[in-house]
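Student: Here is what each chain is made of, one letter per residue.
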Amino acid sequence: QKEVEQNSGPLSVPEGAIASLNCTYSDRGSQSFFWYRQYSGKSPELIMSIYSNGDKEDGRFTAQLNKASQYVSLLIRDSQPSDSATYLCAVRRVSGGYNKLIFGAGTRLAVHP
Amino acid sequence: NAGVTQTPKFQVLKTGQSMTLQCAQDMNHNSMYWYRQDPGMGLRLIYYSASEGTTDKGEVPNGYNVSRLNKREFSLRLESAAPSQTSVYFCASSPTSGGAYEQFFGPGTRLTVL
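Note that the protein sequences, when read in sequence, are chains P and B.
Here the working numbering is used: the first residue of the first sequence is 77, the next is one more, and so on.
Here the working numbering is used: the first residue of the second sequence is 166, the next is one more, and so on.
Worth flagging that the hints you see were computed from the coordinates, not collected in a lab.
From the three backbone atoms N, C-alpha and C, an ideal C-beta is built for every residue, glycine too.
A few of these clues could be false.
[To be verified] What follows is a set of in silico ranges between Cβ atoms, one per label pair, in the way DEER data are often shown: (1) Gly168/B to Ala186/P: 23 to 31 Å; (2) Gly205/B to Asp131/P: 28 to 36 Å; (3) Lys118/P to Gly228/B: 22 to 30 Å; (4) Gly218/B to Ala186/P: 40 to 48 Å; (5) Gly92/P to Glu217/B: 47 to 55 Å; (6) Glu217/B to Ile94/P: 39 to 47 Å.
[Unchecked claim] Under the rule of at most 16 Å between Cα atoms (straight-line distance), these lysine to aspartate or glutamate pairs were calculated in the EDC-like manner: (7) Lys236/B to Asp191/B; (8) Lys118/P to Asp203/B; (9) Lys78/P to Glu224/B; (10) Lys236/B to Glu217/B.
With the hints as extra help, turn the sequences into a complete structure.
Tutor: Shown next, in the form of structure tokens:
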């Protein structure tokens, strides 16, 4: 079992719809969770971080965390073609006193007009 | 602020050649990381440096060495390149202080080993 799992997609949604991206993790002790967006040929860009159970909203993006079920999700409202990218989920792991992020393989999102 | 910068952007090597990938950050971050990204494999950690003067192996360190030259700079060296090291390499940095653990990435180096 991978530490951080994401459906590879592609997830195809029409413009204006809500895109829902999901991520599960195996380490129950994980405390910090991040969503990155990566356009083709570009580097990952941080879009959301979430530390507590519940929802966190930032513009059209909402991150949801459920530690009991060990999943974190990202909702994108009013999806635009410019949201088409790969979305990476990352979970912080503390190992030997040092902080590392464990990344999922990413979900490819395609927003069509 | 430039954030995280990497050089070179592209590189083609022949098997057995060596090279150093350079990374610098101007955000006064404590920690720095080197990842490689291959299709379908996601980001895999090669080496990291929790603070100036320390380095440690990540998930896939074989064939690589690193140097944390100072707080700003963290280089990755391939001593004898192999085709299996063809990949996109990303450097990242993180505050790792005050509860801030998010990582910020450089633009990447696309390396091809023939």
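Student: With reference to the structure, classify each hint as holding or not holding.
Tutor: Verification of the hints:
no. : hint                             : in the structure
1   : Gly168/B to Ala186/P: 23 to 31 Å : holds, 28 Å
2   : Gly205/B to Asp131/P: 28 to 36 Å : holds, 31 Å
3   : Lys118/P to Gly228/B: 22 to 30 Å : holds, 26 Å
4   : Gly218/B to Ala186/P: 40 to 48 Å : holds, 45 Å
5   : Gly92/P to Glu217/B: 47 to 55 Å  : holds, 48 Å
6   : Glu217/B to Ile94/P: 39 to 47 Å  : holds, 44 Å
7   : Lys236/B to Asp191/B             : holds, 9 Å
8   : Lys118/P to Asp203/B             : holds, 13 Å
9   : Lys78/P to Glu224/B              : holds, 13 Å
10  : Lys236/B to Glu217/B             : holds, 5 Å
Violated hints for the displayed structure: none, as all numbered hints are satisfied.
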